[in-house]
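**Q** These are the residues of each chain, in order.
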Amino acid sequence: MWNYTDKVKELYTNPKNVGAIADADVVAEVGSIVCGDALKLYLKLDENGIITDAKFETFGCGSAIASSSALTEMVLGKSIEEASKITNQDIVAFLGGLPEEKMHCSVMGHEALSLAVAKYRGEKIPDEIDTEGEIICKCFGVTDALIRKVIRENRLKTVEQVTNYTKAGGACGSCIPRIEDIIEEELAVAPAPEKERGKQPLTNIRRMQLVEETIQNVIRPELQKDGGNIELVDIDGKTVYVALRGSCANCVASNVTLKNLVEIKLREFVEEDIEVAEAK
Amino acid sequence: MERTIYLDNNATTMVAPEVVDAMLPFLTGRYGNPSSIHGFGGRVGKDLDIARDRVAAFLGADHEYEIVFTGTGTESDNTAILGTLFYYRDRRHIVTSRVEHPAVLSLCKKLERDGYGVTYVPVDGAGNLDMEVLRSSITDDTAIVSIMYANNETGVVFPVSEIGALCREKGVPFHVDAVQAAGKIPIRVNDIGCDLLTVSGHKFHAPKGIGVLYVRRGTRIRPVLYGGHQEKGRRPGTENVPGIVGIGKAAELAMGHLSEYDQRVRGMRDRLEKGILARFKNAHLNGNPSMRVPNTTNIGFEFIEGEAILLYLDQKGIAASSGSACSSGSLEPSHVLRAMGVPFTSAHGSIRFSLSRFVTEEDIDYTLSVLPEVVDSLLRISPFWDKEKKEGKPVTL
Chain R
2 MWNYTDKVKE
12 LYTNPKNVGA
22 IADADVVAEV
32 GSIVCGDALK
42 LYLKLDENGI
52 ITDAKFETFG
62 CGSAIASSSA
72 LTEMVLGKSI
82 EEASKITNQD
92 IVAFLGGLPE
102 EKMHCSVMGH
112 EALSLAVAKY
122 RGEKIPDEID
132 TEGEIICKCF
142 GVTDALIRKV
152 IRENRLKTVE
162 QVTNYTKAGG
172 ACGSCIPRIE
182 DIIEEELAVA
192 PAPEKERGKQ
202 PLTNIRRMQL
212 VEETIQNVIR
222 PELQKDGGNI
232 ELVDIDGKTV
242 YVALRGSCAN
252 CVASNVTLKN
262 LVEIKLREFV
272 EEDIEVAEAK
Chain X
4 MERTIYLDNN
14 ATTMVAPEVV
24 DAMLPFLTGR
34 YGNPSSIHGF
44 GGRVGKDLDI
54 ARDRVAAFLG
64 ADHEYEIVFT
74 GTGTESDNTA
84 ILGTLFYYRD
94 RRHIVTSRVE
104 HPAVLSLCKK
114 LERDGYGVTY
124 VPVDGAGNLD
134 MEVLRSSITD
144 DTAIVSIMYA
154 NNETGVVFPV
164 SEIGALCREK
174 GVPFHVDAVQ
184 AAGKIPIRVN
194 DIGCDLLTVS
204 GHKFHAPKGI
214 GVLYVRRGTR
224 IRPVLYGGHQ
234 EKGRRPGTEN
244 VPGIVGIGKA
254 AELAMGHLSE
264 YDQRVRGMRD
274 RLEKGILARF
284 KNAHLNGNPS
294 MRVPNTTNIG
304 FEFIEGEAIL
314 LYLDQKGIAA
324 SSGSACSSGS
334 LEPSHVLRAM
344 GVPFTSAHGS
354 IRFSLSRFVT
364 EEDIDYTLSV
374 LPEVVDSLLR
384 ISPFWDKEKK
394 EGKPVTL
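Going down the list, the sequences are from chains R and X.
Numbered according to my numbering, the first sequence spans residues 2 to 281.
Numbered according to my numbering, the second sequence spans residues 4 to 400.
No wet-lab data here; the hints were simulated from the structure.
Heads up, a few of these hints could be off.
[Unchecked claim] Between beta-carbon pairs, the in silico distance windows are: (1) R:K120 / X:R116: 43 to 49 Å; (2) X:M258 / R:Q90: 53 to 59 Å; (3) X:S262 / R:E101: 44 to 50 Å; (4) X:T15 / R:G228: 41 to 47 Å; (5) X:R46 / R:G228: 44 to 50 Å; (6) X:K235 / R:R156: 39 to 45 Å; (7) R:E276 / X:Y68: 58 to 64 Å; (8) R:K120 / X:E364: 52 to 58 Å.
Please read these numbers as outputs of a predicted model, since none were measured by experiment.
Glycine included, every Cβ here is placed at the ideal spot set by N, Cα and C.
Modelling step: build the complete structure from the supplied sequences, incorporating the hints.
**A** Right, here's the structure in full:
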């Protein structure tokens, strides 16, 4: 059973602004019945570009209905300019949170809004919804542009997170290597953690946080692909003691793993002179 | 609604009151270890014997020592397959179906990664097994054939006796995952002709945490766990005495209620199913209607999504289940429905209702009375229904 917030429950039980607007100024439709969720957003605007009416129709689970309802409530009374600034994170915040696996529902809401804004302005349809874009996930029709955008906006680091936010890679899984490549490219372009290093020496607390984050978000997912795992045992100055678990524990290449994966990643994301040692 | 209308009995069942009563002494005063020399423990062994006899009778086994108690259905499935592979070291091929429970499928996927060849026998649109593929896939290299008796999602029953005869003819061990058949239809291991058979207590009114693996006398199988002498070394570990006593009592009760499943439960299931199919034009049945266990119906609702239906039903006090992607978190709809070729469009809106003898006619009336409100309110939200309506195809009556 999903752990939905009361707000999500309230909104899927009694969604607001359900239905179509017969004389809508903009209609934006995203998703499809094949994907398992779809949203049709109707907007009515006055002469000043203020959204005076917003309605939706949704095919999808409880959180998809709640996200759609939230979206319509959020845009009502706003100018198209203000509405265009709403992100999927804003929708999540409005709902008081969504389970990780359901993040894609908020992304769908944001996609519909972006499409509606573009249509209203008479712009070229944004890349990530453009069917001309390169489709990475064939099962759910997810383009690389959308994947990149979601990675950047939500600072995603693993394939699992990308799947939770966009569904890409969630069905047959054949596009997972491509998603890994995209994540790697995006991490290289947007080095959020890199800002932390090099500038000034890390405090002990900050170093510990970064080591933990890097192990959790970067190293562990990598090891888990091969049935392995890693445990952070201790941090002493710049020496990080870890224990390899699962299939890594008895692997003859465990020392190689320590140096080539764990140490390289920690040096990349935390500090250049981190040492890694195996806890005995 | 203070009472839950529980229509999710393929997920788990209520522990029958008689089963609770039978177990209670072993959770209180009679806590002895049956392996002990002293009478306080040793006397408990007699109760295990009674339970073993009851389960043997329930499955139609010739000898009580053919019954091995395990922890779960999953453990029995894994033990049957791995234990057989451990014996037939030189055979590297497994035959199973595309619609097995994950307890079998996930293991087979893992074995494939370890270098085993696995044939996943397909099913047709009604969920029937492709017997031609099954027949032709068995070779000299095949270590085991593992096929379920009844499918957990659709309730479709497979021709296990026919497969049993085929396996005997070819000299290949045959394991039947009968978890979803137990208590719903008769299980006779000699009629099936299987070497191994799995059932799980909590699917037929025993508690969770107790499973059975039937091992026909003479079947070549190695243990998966090593330890003490319990279960003749086939499943070491101190016996789950309350669980074993419970499943013994549940087996005895189940035999007495089989005709009730065939008559009364089937009648309620059919009434629910017919009622839904007659009321909603966007509803259709998944699975062969004439080859099913009597308690299960799987209905696909087009244009609306399964998790949303479940959440709305939950608010009405009705517990059911769905093969929708969203309800599982896997993002892909049920592998069973996909193997049957059910289009994504209705696989996302599939609902499984599974009954038990504790369901009443009033429960069915109530469910039928609230479903229109649930389905209609979701259809009103759906962007696809409107489209259909405009094309002159009204889906609701």
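**Q** Checked against the structure, which of the hints given earlier come out wrong?
**A** 4 and 6
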